[in-house]
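Asks: Take a look at the letters that make up each chain.
There are 2 protein chains.
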Amino acid sequence: MTSERDPIREAHRQWVAHGWGAAADGMAMVTSVVRVQQLLLERIDAVLRPLGLTFARYEVLRLLSFSSAGAMPMTRMGSLLQVHPTSVTSAVDRLETQGHVVRSRRDDDRRVVLATITPSGRAVVEDATQGLNTQVFERHGLSSSDLAELTRLLGALRATGGDHVD
Amino acid sequence: MTSERDPIREAHRQWVAHGWGAAADGMAMVTSVVRVQQLLLERIDAVLRPLGLTFARYEVLRLLSFSSAGAMPMTRMGSLLQVHPTSVTSAVDRLETQGHVVRSRRDDDRRVVLATITPSGRAVVEDATQGLNTQVFERHGLSSSDLAELTRLLGALRATGGDHVD
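One line per chain: the protein sequences are A and B, in this order. Numbering follows the numbering used here, in which position 13 of the first sequence is assigned residue number 13; successive positions increment by one, without gaps. Numbering follows the numbering used here, in which position 27 of the second sequence is assigned residue number 1027; successive positions increment by one, without gaps.
None of these hints come from the bench; they were simulated from the model. Note that CB positions come from ideal geometry on N, CA and C, so glycine has one too. Any given hint might turn out to be false.
Just a few of them, taken from the derived set where beta-carbon distance is under 10 Å, the chain B residues facing chain A [claimed, not checked]: (1) Gln1014; (2) His1018; (3) Thr1031; (4) Ser1032; (5) Arg1049; (6) Leu1063; (7) Gln1082; (8) Asp1093; (9) Arg1105; (10) Ser1120.
Calculated Cβ distances over 12 Å to all of chain B for the following chain A residues [stated by the list, open to error]: (11) Glu42; (12) Glu96; (13) Arg103; (14) Arg105; (15) Thr118.
Quick list of simulated restraints, FRET-style, between CB atoms [stated by the list, open to error]: (16) B:Ala1071 <-> A:Ser120: 30 to 36 Å; (17) B:Arg1106 <-> A:Thr160: 28 to 34 Å; (18) A:Glu42 <-> B:Arg1106: 19 to 25 Å; (19) B:Arg1139 <-> A:Glu96: 39 to 45 Å; (20) B:Gly1099 <-> A:Ser145: 49 to 55 Å; (21) A:Ser67 <-> B:Ala1046: 30 to 36 Å; (22) A:Thr116 <-> B:Ser1145: 45 to 51 Å; (23) A:Ser67 <-> B:Arg1139: 42 to 48 Å; (24) B:Gly1021 <-> A:Pro119: 24 to 30 Å.
Isolated chain A (complex conformation) (with noise of 0.2 Å):
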């Protein structure tokens, strides 16, 4: 599936060629996104579909394992994962299925919805992260100025879109 050229270099020579040239060089930026994110997820899935989790469900459990009781409030792991509350009921439903969450109302205010990861969640999210660790997270090929840098200009991206970015 690799292309004997660069198809996003070919589509900005046809963006300039057609008159779009200022818009050509965040053209490229952008497919460039769409195609690294592709190229990461790959290598994310193949790292976690041995253990039957999604990179959503990896998140949810990672945020979970975080926390001081290894619980918390459904709508609160919205707002810190930045996805819409379907997102996170949908990734918990399955994981309780899985039974690596449970859910349960708060004792002191029995609307609250709590998601907390069961010791099989605990497990598989530590096999997770040792797995992301080595075979994604440590092998991008950038030095460590280049990796600095890309996460300061993506971050610069993330901010123009409403995120709070330190």
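Start from chain A and add chain B according to the hints.
Replies: Relative to chain A, chain B alone:
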């Protein structure tokens, strides 16, 4: 859905605290790519949804509109778009239903299935491109040097992933 803290910075802090410092910077970069792709796709979809298109279908129409005859073998499109042949089939199925593409067999080799863009396909892809140029590709908020640097660094990741990058 925006958090009061930077969730990627917070995850980086947790990674270091858990002894995964070697993977922390890579985790922050990968998570940033995933988040930026999500933000960009929301803006892309806001342009394309009213036109009845997804980004995958837009890319198929864009590619056909750039080809000299407005037609291309299905297999060639998968290679140029760097997606699985089944993704091209699915996109072309839907575009054919919408009247934007027609399938045919090549006269000199009946085994080859061609996709050809129709006049309505040409009209919608021009509208979509104008919208994407003004609403997304020209509105990234980066300086031109930062934009070039970002595309260069993403290109390095694409090359690591096996893409041909010029």
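Asks: Output the indices of the hints that this structure fails to meet, ascending.
Replies: 5, 8, 9, 10, 11, 16, 17, 18, 23
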